[in-house]
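Novice: Protein sequence lines correspond, in order, to chains A and F. Note that the numbering used here has the first sequence beginning at 1, numbered continuously upward. Note that the numbering used here has the second sequence beginning at 1001, numbered continuously upward.
Pairs of lysine to aspartate or glutamate, DMTMM-like flavour, derived with a Cα cap of 25 Å:
#: 1; chain 1: F; residue 1: 1309; chain 2: F; residue 2: 1219
#: 2; chain 1: F; residue 1: 1097; chain 2: F; residue 2: 1236
#: 3; chain 1: F; residue 1: 1176; chain 2: F; residue 2: 1213
#: 4; chain 1: F; residue 1: 1245; chain 2: F; residue 2: 1271
#: 5; chain 1: A; residue 1: 69; chain 2: A; residue 2: 261
#: 6; chain 1: F; residue 1: 1309; chain 2: A; residue 2: 242
#: 7; chain 1: F; residue 1: 1036; chain 2: A; residue 2: 184
#: 8; chain 1: F; residue 1: 1036; chain 2: A; residue 2: 185
#: 9; chain 1: F; residue 1: 1309; chain 2: F; residue 2: 1217
Just so you know, the hints here were simulated from the structure itself, not pulled from any lab data. Keep in mind that this is a model prediction, so the values were computed, not measured.
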Amino acid sequence: MLHRDLAAHLVRGVEPERIFAQYMGRASGITGGRDGNVHFGDRRLGCVGMVSMLPDMMPVAAGMAMAFKLRGERRCALTWLGDGATSRGDFHEAMNWAALQRLPVIFVLENNQYAYSTPLRLQFAVDPVERAAAYGAVGQTVDGNDVEAVFAATLRARERALDGAGPTLIEAVTMRMHGHAAHDDMRYVPAEQLEHWRARDPIMLQQARLQAQGVDVEATRNAVAEQLDAALARALQQPLPDPASATEGVFCEGEAEPLGDGQAPYSGYAARGTDRV
Amino acid sequence: MTYLQAISDGLREELRADERVFLMGEDIAVLGGAFKVTDGLAAEFGRERVIDTPLAESAIVGTAIGAAVVGMRPVCEMQFADFISCGFDQLVNVAGKMHYRQRLAVPLTIRLPSGGGFSGGPFHSQNPEAWFMHAPGLKVVAPATASDAKGLLIAAIHDPNPVLFFEHKHLYRRIKEDVAPGRFETPFAARVAREGRDLTVVAYGAMVWSALEATADLDGASIEVLDLRSLVPLDERAILHSVRKCSKLVIVDEANATCAAGAQVAALVAEHAFEHLDGPVVRVATPDVPIAFSPPLERALLPQVEQIKEACRELLEY
Ligand SMILES: Cc1ncc(C[n+]2csc(CCOP(=O)(O)OP(=O)(O)O)c2C)c(N)n1
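Chain F on its own, in the form it takes in the complex:
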């Protein structure tokens, strides 16, 4: 099944198995969502559990928090990840700080269709993961494969904390694989997408596929690709383990470079694996520019396979 179908499947499994689970979002019931992730779920589970909301992100997040603290398991959809900015306050200040202040859990999942590469322009292409990495109390995951999409989503719904689930739009229908039936959890930990010895590429989301493509045949070099899968918690052990083994590190971010997940990885490695490095930490990321609409501009901004290749080559030769 596709990455998109795997997300639908995960939602269906949870709706079937746990009556506390319900879905909320704009146009998710009758329409099945802008991307059809929730297609058919309203018919199967009823409009009481698959709810078309008003156009009101702050209230979607806020009411989900309210429902979560009284024992429900809400799963909200942002029509595009970009619109989470309109629900920012509820998420960062109410959800993120709830448990620390009063030991009250907020088992809330928010699905965020993110990422660019299809001329979505500045408001339909963003990768705002780092906004939430910076805010205490929120977990942030971003699957690259169909199995991980399902497993991380189910784990997110089971998690007693607010989890932001970034699903990459570019992967929706491009990524296809056999996905195990039933309910299974994927841990919030990194995954070695390809083992290697000479250089580590750290990436997440769609950039995992770009990294794999860029390093499939790099003049015979043995390149390890580490798929972070989870940004909060960040799998520091897996990152440090891989860097200590390969001694060279390229980090790829589709997000704007400054304070991105990759910046956190670079800081971690500088602090804890400095003496294992055989070269500078190299970052490939989107510059601090809005994602432009016109294809040549967008291509110039988003990390391209060629760029990753070049970065790896240079570092290998260092």
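Bound-form chain A, shown alone:
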């Protein structure tokens, strides 16, 4: 599992405190201060940290899937990419490879309408999900603001992967609601477009759904906020890394440490015993 979808890491079980520490370059952050922001992956949880070069992790995910297949494991790999990232050659190479070898891999394309300032119409002539079939993969579009729909689509893709039916490209259609980064006021995004999407806020949508089922969302929200405040306070107490350690670890000197098996809630692992995502 690899990429910069922060929620995916949280679902995997990365503690918020370590994510805060990661963002603040603390020694207790997931990369120990070597890398910043969402460029991380907790190896023990079966996650490979992404690199900035997009979408370099697509072929890597395909390779993980290739190894699972070689070893006869009922296990699949999952990675995320953006609409902009589909323009690079690695997208093509990974799609072709994964489909050719019918690999158990899922590519989740978060189509949030913009790559930095670049809108879809300047990115591609044909939607990438429509190209999936041409590679021999399944392409599926889903409402990216409906968390349950995304879950269901991913589950289906996983079943297909584990049944040996090959890769799926899931396109989760959504919108980036703030600038690419703090410095970006995104004046290039038309106000109407933002309004359109604001009315489809995924959190509001899920909140309404849960409330209809009688869940006390407010109480959950408060409990989570409390947890996060505590995590942030603890992360702030963590020391920065020791400068003397800066040159350590470029090479592996001892035994190679394995990637965890990725057992996580919701992954289907527990339900199926031997299935691993």
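Please build the complex by placing chain F with the ligand on the supplied structure of chain A, with the hints as guidance.
Specialist: For chain F with the ligand alone, coordinates are given in the frame of chain A:
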């Protein structure tokens, strides 16, 4: 004007003067680039000449080569120098070998915002100049001053060869000076940033400023600082001249040490100025480690003023 404005100014001058010149890159038109170097240029010259491309470095370099061989003067921007790795093949194998194989010129300029010092982490801080010094057929320049940024950029655009123009992010808004208006070329040659007699410090890019600061007052010693400006071609004459005069040499690289530009300078001096040396050639460089994100780690990796000072002091006493 700032170093950054000088680059914008150079682009504007060339866009005005030569209709073969056009710009390509990710987010350079509407946004004006991640660092705003191309801000306003799309409005002035139109979206046909200031082109927002797909996220595709190999195609940015490859299409620029195609346009260049049919007579255009493309200037490409990498959002960060680090992303040139994704366009490596086109640059090294297509652009770099074109003229040698078939006498077909590739007048192409690639702008690469490079360098660290601001917690950019391993993928937004690199100084990959040496990757391209090693590949035949590519010129590599790296200005330290605002005037040189403009003059080297214009010279790069005029040059009939592929030129990699490394602009240091740390200098963008820190370096300010009067820059001559209009079009002028800065030669691909070294510049004496400060004259001296006792010891030469060779540097380029942001390290020129670190070297100047480190040696501004070194117990009265007279320190020469040589700003390479161009790495390919490397100004061997200027380097050897300075070393023969001062007899002591410190070389500063912000890049990872192994096979860096500074290693080439050291080899040159060992081969051609050995008998003029009064001490070992001393290198200050980033160890062969990715540039870490966390400030204390990054500081421990990148050459610091204190380190350069120490290296000079030791060599002076040798
Ligand atoms: C190969 C490469 N080129 C350039 C960049 C610089 N960059 C960082 S994010 C970004 C936009 C990415 O857009 P998209 O793939 O749609 O993902 P999003 O940020 O919208 O999730 C760009 C151009 C990069 N990370 N990788």
